[in-house]
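So you can see what is in the structure, the chains are spelled out below.
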Amino acid sequence: KQEVTQIPAALSVPEGENLVLNCSFTDSAIYNLQWFRQDPGKGLTSLLLIQSSQREQTSGRLNASLDKSSGRSTLYIAASQPGDSATYLCAVSLTSLGSQGNLIFGKGTKLSVKP
Amino acid sequence: GAGVSQSPSNKVTEKGKDVELRCDPISGHTALYWYRQSLGQGLEFLIYFQGNSAPDKSGLPSDRFSAERTGGSVSTLTIQRTQQEDSAVYLCASSLAGPPGDTQYFGPGTRLTVL
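Going down the list, the sequences are from chains F and Z. Numbering-wise, the first sequence is residues 1 to 115 according to my numbering. Numbering-wise, the second sequence is residues 1 to 115 according to my numbering.
Since the hints were derived computationally from the structure, they do not count as laboratory data. Backbone N, C-alpha and C fix where the C-beta goes; we use that ideal spot for every residue, glycine too. A portion of the hints provided could be inaccurate.
Below 16 angstroms or equal to it, Euclidean Cα-Cα: the simulated EDC-like pairs (lysine to aspartate or glutamate) are [unchecked claim]:
no., chain 1, residue 1, chain 2, residue 2
1, F, 114, F, 17
2, F, 114, F, 15
3, F, 1, F, 17
4, F, 1, Z, 44
5, F, 107, Z, 63
6, F, 68, F, 27
Here are some of the chain F residues that sit facing chain Z, going by a computed Cβ distance under 10 angstroms [said to hold, decoys possible]:
no., residue
7, 18
8, 42
9, 51
Isolated chain F, as found in the complex (with noise of 0.2 angstroms):
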């Protein structure tokens, strides 16, 4: 069974700090994992999109990385700002779909920019 889990689970950072979140998961055997933003209230965005076969990709001040052997997945933000707050949320998308489905959620960062 795929399990992905989110460290930290909640992170507060002065504005201007740039800053990681951190992704694992334990089966290998993903077809791509995707980095999401969910605002109270509201549903769940893409940010990054990474296949199986990339390294990592960028979007403005977010750059995403997999390393796809050792079960991990990073998301970097530079030069955080306070409308970055939301919880991230990261997924892997398996290559078929099963009983959890096919898309696997961690629990989510709940990050806070502070101004």
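Given chain F, put chain Z in place with the hints provided.
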């Protein structure tokens, strides 16, 4: 265009009552997914539809939960004889095709509170 919409946004019910949650996917998306997000837990897959059929219902937590999709569009998740442990945010997502790897777009969720 319009994203995934869900209704109601909030639902408070008494233990033992039945509830219906509705999801309107993005127009043209053939795949539809239901997830549950309980306090302190990650997103838990419930059920997936490809068109009007659900290939795998084993993610539903008990036989009190059922879902249907009609016309390849709107889906309804029904919870019968609600229990307090059913309290959670129920999220719906849709994708153009289906798993694996197809990007899922999430709705804002329905927050269910069972008293």
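For each hint, the structure was consulted:
{"no.": "1", "hint": "F:114 / F:17", "in the structure": "holds, 10 angstroms"}
{"no.": "2", "hint": "F:114 / F:15", "in the structure": "holds, 5 angstroms"}
{"no.": "3", "hint": "F:1 / F:17", "in the structure": "violated, 36 angstroms"}
{"no.": "4", "hint": "F:1 / Z:44", "in the structure": "holds, 13 angstroms"}
{"no.": "5", "hint": "F:107 / Z:63", "in the structure": "violated, 26 angstroms"}
{"no.": "6", "hint": "F:68 / F:27", "in the structure": "holds, 9 angstroms"}
{"no.": "7", "hint": "18", "in the structure": "violated, 26 angstroms"}
{"no.": "8", "hint": "42", "in the structure": "holds, 5 angstroms"}
{"no.": "9", "hint": "51", "in the structure": "holds, 8 angstroms"}
Hints 3, 5 and 7, counting from the list given before, are not met by this structure.
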